Amino acid sequence: MNVDAMNAPQEVVLSVEGLRVYFRNEEEVARAVDGVDFEVRRGETVCLVGESGCGKTVSALALLGLLPRPPGEIAGGRVRFCGDDLLDRDEEALQVVRGRRIGMVFQEPLTSLNPVFTIGEQIAEPLRVHLELPESQIRQRCLQLLHDVGIDSPEQRLAAYPHQLSGGQRQRAMIAMALACGPELIIADEPTTALDVTVQAQILSLMNRLQHAHDMSVLYITHDLGVVSQIADRVYVMYAGVIVETGAAQPVLRNPRHPYTRALLDSLPNRRKRGRRLYSIPGSVPHPAYKPAGCPFHPRCPRAIDACREHFPGMCVFDDGQVARCPVAAGRKLTDWCRS
Amino acid sequence: MEPHKAESMDLLRIEKLKKYFPVRRGFFQRTVGWVRAVEDVSLYLARGKTLGLVGESGCGKTTVARMILNLLPADGGRILYKGNDICGLSDKDMKPFRKEIQIVFQDPYGSLNPRMTVGQTLSEGLRITGIRGRTDRREPIERLLGLVGMAPTAIDRYPHEFSGGQRQRIGIARALSVEPALVVCDEPVSALDVSIQAQIINLLKDLQDRLGLSYVFISHDLNVVGYLCHQVAVMYRGQIMEYAPAEKVFENPLHPYTRVLLAALPDLESGKAPPATGLESERPEFALTPPEGCRFRMRCPEKHDRCRLLNPELTPVDDDHWVRCWQAPPHSTRI
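These protein sequences, in sequence, are chains G and V.
Take 1 as the starting number for the first sequence in this note's numbering and just add one per residue.
Take 341 as the starting number for the second sequence in this note's numbering and just add one per residue.
No false leads were mixed into what you were given.
Quick partial rundown of chain V residues pointing at chain G, CB under 7 angstroms, derived from the structure: (1) D533; (2) A538; (3) I541; (4) N542.
Mimicking PhoX-like on lysine-lysine, the simulated pairs with C-alpha atoms at most 25 angstroms apart in a straight line are: (5) V:K358 to V:K435; (6) V:K588 to G:K273; (7) V:K588 to V:K356; (8) V:K545 to G:K273; (9) V:K435 to V:K422; (10) V:K389 to V:K545; (11) G:K273 to V:K389.
Pairwise CB distance ranges, derived in the manner of DEER restraints: (12) V:G423 to G:E155: 54 to 60 angstroms; (13) V:T655 to G:Q10: 57 to 63 angstroms; (14) G:R78 to V:Q667: 56 to 62 angstroms; (15) G:E125 to V:T629: 32 to 38 angstroms; (16) G:V29 to V:G428: 55 to 61 angstroms.
Worth flagging that the hints you see were computed from the coordinates, not collected in a lab.
Computed from a predicted structure; not experimentally measured.
Each residue gets a CB set at the ideal place from its N, CA and C atoms; glycine is no exception.
Turn these sequences into a full structure, and let the hints guide you.
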């Protein structure tokens, strides 16, 4: 049973193929993103999950053309958004896409909102720039947006500065800005990480509701597997700049095939594990400039064999359609290793 | 009434603790009001056990921690450590207790002095406890590093050379250098990645088993608290809403706020549940001063008229289960 083909809508909104992002200085090259493939289809929520430094945020910044270059450079790959290649575009052309067709929500709303402009002015900006709405309509549209994202008394909030709002309200305002031009895709980078659990639940259900109301796709970047279980249709697990496992979210979380995904889940504490020792992954994430040869996870992997030290493993398809970059778990022969 | 148990068992006992912060406005910084940051907080902690203090940001959990360490004077109530009231002690009188009560901070990057080697950081505590000569100290420092799972070669290195998880180990070693009985852990794993978080949680547990430490464990993460803590106190806006052994809080939560927190908790094993809480946002007019009556009533999905008039007391529903809610069932042994 191929879960992907079964319940996913077919139209691909965003596709990333073989994306490589390197950071260079005099001495070393940090391969932050090292050949990443993923896609987001219409109406679905896709999570990119991994620990800090795995390249998830850099991937998102690169595909939006927001990567500071230098020191960053896109060393390869293609990014297609609704059929158009984004990496070929110049800055001016990208600005038409960003904010209008792709909305963005970032982690810390206090730093990504401008402190010297009111919420109203900041929500109005994309409406003015992208949609060229007449001034008479802008206020009305702003009020509607604030209402949509569940902000009380929007009339007053329009005139408020970011510091006058609570964390949850700021994140709602950010979402209102991302929604302003009716985008086809929202890219959200850890939008609830700085928030309390109850506020996080509110924001996640808000995004879920808006997504269905506007038939948007969401690419959601997070380190939190709990969030993935709550919102994702499909998930991509990243480690050291590569995707190590992907599939429909529930099967991946219930029956992870890659040893890294397994280890992450085993190391999560909860009350049912009381009295048992938590599994802890030995060692730490490799520096992106000094990744080990072979499989990047092999020094920390409980299932590593000799071949893992030499050969970079390809993606292996399991019987049920789940895909993991681990030929050992898939029981493949050594000769099949290097095909992905 | 306070949660009560055999007095001799308790290492730490907090009674009706109170802290108000002034709100100052204007040119002369006149006090125009008070933030009731901590009010009527009573807790106890037995030797060798872990007390979890959970709640959302701003609920007063860190304020309680700072008062336990006497880094912040209390405005009322008592903190009994081994039967001695340590509230309002002068620095001199507090000194013997400083050795006994230590803290581990959230941010492993900000809480170590970047100009001091690990050896220098750890020897400060040893110097205070009276181990004077440099060579005398080297050996106990190596032992401390071993205790937290680090190589003795770390001794001459600086904090920036270590990862977040290792820095947190150094922070724990620093707390242990004076051989405390009680360690206050203020969100010690919140800033760490999942794989590192498990290492530190295991370490804290091992140290408790080996050294008989007691922890006050402050966290907003109920999954960590449910795994690690024996007792759990749920705080909301400066007051304890529910206080019980961890199993009771998780299996039989009696306060609506506890239930809301647990409902918001992602549960990987139960599968995808679109998060929906009946919780309303806090109204901005109550940002500083909570409303009259129950502090939680503005957001409570189960509020009724009585909640508006009177703030309920923290009341026992069972010998070891305390709830601050009008709806809580009465104590089973009372009529």
